[in-house]
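Colleague: In order, the protein sequences belong to chains Z and R. Take the first sequence: its letter number 118 is residue 250 in our numbering, and every next letter is one higher. Take the second sequence: its letter number 181 is residue 313 in our numbering, and every next letter is one higher.
No lab work stands behind these hints: they were computed from the structure. Be careful, since some hints might not be right.
No copy is singled out in the list; a pair is fine if it fits within one copy or between any two copies.
In silico DSSO-like pairs for lysine-lysine, Cα to Cα no more than 27 angstroms straight-line [claimed, not checked]:
#1 300 to 169
#2 338 to 300
#3 150 to 175
#4 338 to 310
#5 338 to 175
#6 310 to 346
#7 338 to 255
#8 310 to 210
#9 338 to 134
#10 187 to 346
#11 338 to 233
#12 180 to 338
#13 346 to 233
#14 310 to 255
#15 134 to 187
#16 175 to 255
#17 255 to 180
#18 233 to 134
#19 187 to 310
#20 338 to 210
#21 346 to 300
Remember, predicted model here, so these are calculated numbers, not experimental data.
2 protein chains.
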Amino acid sequence: MKIGILGTGMVGVAISSKLIQLGHEVKMGSRTAVNEKATEWVKQNGPKASHGTFKDAADFGEIVFNCTAGAVSLEALKMAGAESLNGKILIDVSNPMDFSKGLPPTLIPSLGITTSLGEEIQKAYPEAKVVKTLNTMYCDTMVNASLLPGDHDVFVCGNDTEAKARVKEILTDWFGWKSIVDLGDITTSKATEMVALAGMYFFGLKGSPMYNLKLVM
Amino acid sequence: MKIGILGTGMVGVAISSKLIQLGHEVKMGSRTAVNEKATEWVKQNGPKASHGTFKDAADFGEIVFNCTAGAVSLEALKMAGAESLNGKILIDVSNPMDFSKGLPPTLIPSLGITTSLGEEIQKAYPEAKVVKTLNTMYCDTMVNASLLPGDHDVFVCGNDTEAKARVKEILTDWFGWKSIVDLGDITTSKATEMVALAGMYFFGLKGSPMYNLKLVM
Numbered sequence: 133m134k135i136g137i138l139g140t141g142m143v144g145v146a147i148s149s150k151l152i153q154l155g156h157e158v159k160m161g162s163r164t165a166v167n168e169k170a171t172e173w174v175k176q177n178g179p180k181a182s183h184g185t186f187k188d189a190a191d192f193g194e195i196v197f198n199c200t201a202g203a204v205s206l207e208a209l210k211m212a213g214a215e216s217l218n219g220k221i222l223i224d225v226s227n228p229m230d231f232s233k234g235l236p237p238t239l240i241p242s243l244g245i246t247t248s249l250g251e252e253i254q255k256a257y258p259e260a261k262v263v264k265t266l267n268t269m270y271c272d273t274m275v276n277a278s279l280l281p282g283d284h285d286v287f288v289c290g291n292d293t294e295a296k297a298r299v300k301e302i303l304t305d306w307f308g309w310k311s312i313v314d315l316g317d318i319t320t321s322k323a324t325e326m327v328a329l330a331g332m333y334f335f336g337l338k339g340s341p342m343y344n345l346k347l348v349m
Numbered sequence: 133m134k135i136g137i138l139g140t141g142m143v144g145v146a147i148s149s150k151l152i153q154l155g156h157e158v159k160m161g162s163r164t165a166v167n168e169k170a171t172e173w174v175k176q177n178g179p180k181a182s183h184g185t186f187k188d189a190a191d192f193g194e195i196v197f198n199c200t201a202g203a204v205s206l207e208a209l210k211m212a213g214a215e216s217l218n219g220k221i222l223i224d225v226s227n228p229m230d231f232s233k234g235l236p237p238t239l240i241p242s243l244g245i246t247t248s249l250g251e252e253i254q255k256a257y258p259e260a261k262v263v264k265t266l267n268t269m270y271c272d273t274m275v276n277a278s279l280l281p282g283d284h285d286v287f288v289c290g291n292d293t294e295a296k297a298r299v300k301e302i303l304t305d306w307f308g309w310k311s312i313v314d315l316g317d318i319t320t321s322k323a324t325e326m327v328a329l330a331g332m333y334f335f336g337l338k339g340s341p342m343y344n345l346k347l348v349m
């Protein structure tokens, strides 16, 4: 199928490349239609790979992934535009983290105290079916769960039950996730965003991003 | 040994009661020397149980647990006083959460954005050996790890290696923890406090506080 990826950073590239491997058509989107990194990626990934603006990518995708940095996600989505997102599943992989002062990042207060980035995106695009997921582990693990041995979880949050069911299929069938924890509606994005921040310390502990969590109940 | 417990809420009672069962002498401390809840607890827990002010409890303890609500922890510790805490292991179980608007709580910005409650306590009492631990799971599980079946973790953070080693012994020998993850210095308290906040959503998901996390690496 046709998939739009917003963001050309590590996460965007990891997801886009995996989707191309799986045979999908992928358009990566960034602030400008010309983007050196994206051009290189397109060259390496063959005829099913393309690049454009955020709006081009959102228009192209039957499903859209938000892989932009949390600090600029709302701005990037604004550039994509509601009319390009309405009615679509918008998989939000972003985190409300401020990396401007180095590692570990800090929580962006306006997106992390009385709300969450997932919620704010859903509020800004009420006609999009926002599903928060994959934001709690390393990007290579996101698209290949078995890269990290053992039993560990991916979380899913969202208001639209059907959209979540489809995203769970994607997680299982495309990315190999065996354990999916549905936390509830989009307000539960908060839990995943907190876990993602804690993850920056787990990263520091091991000096490697190969970690994840298992919820034991 | 003699242990001081600051706070007479659920966490303070759970830890105090377990310590009494283990044969220790425990003094619970609160804002005032007369406290109905603590009086009742003392009555139920026999001659090794006692109660007093925060200062009384801190003076009494060879080891002190901070089990006060995060929003008032720094104030409670001020009432205990540096001279009563200096040189002692101060086990910090608190979380920087604001419950004033109900559940789930929100992060207290002044204690949770560019710092953590564990760090702030260590900064305020540089002569105390602050060890952050046990703040990421339900209080009954804190003192009885096997209450929740399966393999799950307790985190430990602190600047003093010897103090952490002693706390790890306490976690294992007294509370039955088999898997202890030493995250590093006291700044890593942040990770545990984020996990604790996420835990409020896991609580909501299951409708039960019987959950914990396993760090998979």
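Colleague: I want to check one pair: residue 150 and residue 175. Are their C-alpha atoms no more than 27 angstroms apart within a copy, between two copies, both, or neither?
Modeller: within (15 angstroms within a copy, 64 angstroms between copies)
Colleague: When Cα atoms must be at most 27 angstroms apart, do residue 338 and residue 210 count as within-copy, between-copy, both, or neither?
Modeller: neither (37 angstroms within a copy, 36 angstroms between copies)
Colleague: Tell me, please, which holds for residue 338 and residue 134 at an alpha-carbon limit of 27 angstroms: within, between, both or neither?
Modeller: neither (37 angstroms within a copy, 36 angstroms between copies)
Colleague: Check residue 300 against residue 169 for me: Cα-Cα at most 27 angstroms, and say if that holds within a copy, between copies, both or neither.
Modeller: Neither. Shortest intra-copy (30 angstroms) and inter-copy (48 angstroms) distances fail the 27 angstroms Cα cut-off.
Colleague: For residue 175 vs residue 255, is the C-alpha pair at or below 27 angstroms within one copy, between two copies, both, or neither?
Modeller: neither (36 angstroms within a copy, 53 angstroms between copies)
Colleague: Taking 27 angstroms as the upper bound on the Cα-Cα distance, should residue 338 and residue 255 be classified as within, between, both, or neither?
Modeller: Classified as between: cross-chain Cα gap 26 angstroms, same-chain 37 angstroms, threshold 27 angstroms.
Colleague: What label fits residue 134 with residue 187 when the C-alpha limit is 27 angstroms: within, between, both, or neither?
Modeller: So residue 134 and residue 187 pass the 27 angstroms test inside one copy only (14 angstroms; across, 66 angstroms).
Colleague: When no copy is specified for residue 187 and residue 310, does a C-alpha distance of 27 angstroms or less occur within a copy, between copies, both, or neither?
Modeller: neither (33 angstroms within a copy, 51 angstroms between copies)
Colleague: Indicate which option fits the pair residue 346, residue 300 if close means a Cα-Cα distance not exceeding 27 angstroms: within, between, both or neither.
Modeller: This pair counts as both: shortest intra-copy Cα distance 17 angstroms, inter-copy 22 angstroms.
Colleague: Pop the pair residue 310 and residue 346 into one bin, within, between, both or neither, using alpha-carbon distances up to 27 angstroms.
Modeller: This pair counts as both: shortest intra-copy Cα distance 12 angstroms, inter-copy 16 angstroms.
Colleague: At most 27 angstroms between alpha carbons: which applies to residue 346 and residue 233, within, between, both or neither?
Modeller: neither (30 angstroms within a copy, 29 angstroms between copies)
Colleague: Under a CA distance limit of 27 angstroms, which applies to residue 233 and residue 134: within one copy, between copies, both, or neither?
Modeller: neither (37 angstroms within a copy, 43 angstroms between copies)
In summary, the structure is inconsistent with hints 1, 5, 8, 9, 10, 12, 13, 14, 16, 17, 18, 19 and 20 from the numbered list given earlier, while agreeing with the others.
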